[in-house]
Amino acid sequence: MRNILMTVMMLVVVILLFNNIITKDTTGTSSQITSQGEAANTKISQMLSSR
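Taking my numbering, I'd label the letters of the sequence shown as residues 18 to 68.
Rather than coming from a laboratory, the hints here were simulated on the basis of the structure.
By construction, the Cβ of each residue, glycine as well, lies at the ideal position given by its N, Cα and C atoms.
Treat each hint with caution, since some may be false.
Simulated restraints on C-beta separations [what the hints assert, rightly or not]:
| hint | residue 1 | residue 2 | range |
| --- | --- | --- | --- |
| 1 | Leu65 | Met26 | 21 to 31 Å |
| 2 | Thr24 | Gln63 | 29 to 39 Å |
| 3 | Leu33 | Ser67 | 41 to 51 Å |
| 4 | Arg19 | Ile39 | 23 to 33 Å |
| 5 | Gln49 | Val29 | 24 to 34 Å |
| 6 | Val25 | Ser66 | 47 to 57 Å |
| 7 | Ile21 | Thr46 | 49 to 59 Å |
| 8 | Lys41 | Arg19 | 25 to 35 Å |
| 9 | Asn20 | Thr59 | 49 to 59 Å |
| 10 | Met64 | Asn20 | 32 to 42 Å |
| 11 | Ala56 | Val25 | 34 to 44 Å |
Could you build the full structure based on these sequences and the hints that come with them?
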């Protein structure tokens with residue numbers, strides 16, 4: 018019973034960490050990847066249009 022409780026508690030901690038680190042609205046990893054990808058696309062399109 019104790020092992021099951023520890024496993025469930027660890028899963029809850031992992032889920033909370035994932036939500037706070039990866040999927041946070043403005044400062045999460047996902048939003049940073051999106052914003053940096055959009056900036057890279059803009060730079061590439063500017064370089065291609067200036068040729």
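We went through each hint and held it up to the structure:
1. Leu65 <-> Met26: 21 to 31 Å: Given about 52 Å between the Cβ atoms, the range is violated.
2. Thr24 <-> Gln63: 29 to 39 Å: violated, 51 Å
3. Leu33 <-> Ser67: 41 to 51 Å: Between Leu33 and Ser67, where Cβ atoms are some 47 Å apart, the hint holds.
4. Arg19 <-> Ile39: 23 to 33 Å: Holds - the Cβ-Cβ distance for Arg19 and Ile39, about 30 Å, lies within 23 to 33 Å.
5. Gln49 <-> Val29: 24 to 34 Å: holds, 25 Å
6. Val25 <-> Ser66: 47 to 57 Å: holds, 55 Å
7. Ile21 <-> Thr46: 49 to 59 Å: violated, 31 Å
8. Lys41 <-> Arg19: 25 to 35 Å: holds, 33 Å
9. Asn20 <-> Thr59: 49 to 59 Å: holds, 52 Å
10. Met64 <-> Asn20: 32 to 42 Å: Violated - the Cβ-Cβ distance for Met64 and Asn20, about 57 Å, lies outside 32 to 42 Å.
11. Ala56 <-> Val25: 34 to 44 Å: holds, 41 Å
Of the numbered hints listed earlier, those contradicted by the structure are 1, 2, 7, 10.
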